[in-house]
Amino acid sequence: DAGVIQSPRHEVTEMGQEVTLRCKPISGHDYLFWYRQTMMRGLELLIYFNNNVPIDDSGMPEDRFSAKMPNASFSTLKIQPSEPRDSAVYFCASSLNGGGGEKLFFGSGTQLSVL
Amino acid sequence: SQQGEEDPQALSIQEGENATMNCSYKTSINNLQWYRQNSGRGLVHLILIRSNEREKHSGRLRVTLDTSKKSSSLLITASRAADTASYFCATDAGGNKLVFGAGTILRVKS
Numbered sequence: 001d002a003g004v005i006q007s008p009r010h011e012v013t014e015m016g017q018e019v020t021l022r023c024k025p026i027s028g029h030d031y032l033f034w035y036r037q038t039m040m041r042g043l044e045l046l047i048y049f050n051n052n053v054p055i056d057d058s059g060m061p062e063d064r065f066s067a068k069m070p071n072a073s074f075s076t077l078k079i080q081p082s083e084p085r086d087s088a089v090y091f092c093a094s095s096l097n098g099g100g101g102e103k104l105f106f107g108s109g110t111q112l113s114v115l
Numbered sequence: 001s002q003q004g005e006e007d008p009q010a011l012s013i014q015e016g017e018n019a020t021m022n023c024s025y026k027t028s029i030n031n032l033q034w035y036r037q038n039s040g041r042g043l044v045h046l047i048l049i050r051s052n053e054r055e056k057h058s059g060r061l062r063v064t065l066d067t068s069k070k071s072s073s074l075l076i077t078a079s080r081a082a083d084t085a086s087y088f089c090a091t092d093a094g095g096n097k098l099v100f101g102a103g104t105i106l107r108v109k110s
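Going line by line, the protein sequences match chains A and B. FYI, this note's numbering numbers position 53 of the first sequence as 53, with every residue one higher than the one before it. FYI, this note's numbering numbers position 31 of the second sequence as 31, with every residue one higher than the one before it.
Read the hints as simulated data drawn from the structure, not as lab findings. Each residue gets a CB set at the ideal place from its N, CA and C atoms; glycine is no exception. Accuracy of the hints is not assured; some may be wrong.
[Said to hold, decoys possible] Cut-off 27 Å, straight-line C-alpha distance, at most; resulting in silico cross-link-like pairs (BS3-like, lysine-lysine):
1. A:K68 - B:K97
2. A:K68 - A:K24
3. A:K103 - B:K69
4. B:K56 - A:K103
5. B:K97 - A:K24
[Claimed, not checked] Just a sample of chain A residues kept apart from chain B, beta carbon distances all over 10 Å, derived:
6. G16
7. F74
8. G100
[Claimed, not checked] Label-pair restraints from in silico Cβ distances:
9. B:R107 - A:M40: 16 to 26 Å
10. B:E17 - A:E14: 44 to 54 Å
11. A:M40 - B:S39: 14 to 24 Å
From just these sequences and the hints, can you work out the full model?
Here's what the structure looks like:
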């Protein structure tokens, strides 16, 4: 298996622009997680899905952030409009049966810079 | 908010030495996991220890869990330059959510 695949690896955009991050989880994994990593706040869970359904989006910072999972093999995280404080590394992770008692498999992340 | 807090924040050792990292957490847990992150990469799972376990081994890794003190430690024996990375503990905050600590940056000098 190729593992969790994220794209793009790097994204540089200007404030106010729309940003879309993409993730392909490991085939057969029922759970998908979006995390954000910054020096100041560490790793924060933004949202997670179970069988393509959003279960907990309490970590989504603002309405500018939205996430979808139209099918089992694809998820997007969208920021509209983007702001400089959104600059961070965004990780997607998947797991077989959930994040509590199961290990997560992480993608390589998307380094987002909002100028 | 971060459930787990690692200590120390940074650690620098010589190749061949042992490295010990600690993690403290605030609320009761079912499981605790350790992950490694190499620079510019995603996190990689190392080991999972359940609340009813006290110690677990995997190769050169040894993890202990003390639920009475709400703490865990990760020991890497006979460290190598390739062990240079950040190490994170993660606890289940209920349901399927994993909450990560701030991490320990380990540097192994050759």
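Do the hints match the structure? See the list:
no.: 1; hint: A:K68 - B:K97; in the structure: holds (18 Å)
no.: 2; hint: A:K68 - A:K24; in the structure: holds (12 Å)
no.: 3; hint: A:K103 - B:K69; in the structure: holds (24 Å)
no.: 4; hint: B:K56 - A:K103; in the structure: holds (15 Å)
no.: 5; hint: B:K97 - A:K24; in the structure: holds (20 Å)
no.: 6; hint: G16; in the structure: holds (28 Å)
no.: 7; hint: F74; in the structure: holds (18 Å)
no.: 8; hint: G100; in the structure: violated (4 Å)
no.: 9; hint: B:R107 - A:M40: 16 to 26 Å; in the structure: holds (22 Å)
no.: 10; hint: B:E17 - A:E14: 44 to 54 Å; in the structure: holds (47 Å)
no.: 11; hint: A:M40 - B:S39: 14 to 24 Å; in the structure: holds (18 Å)
Violated hint: 8 only; the structure is consistent with all others.
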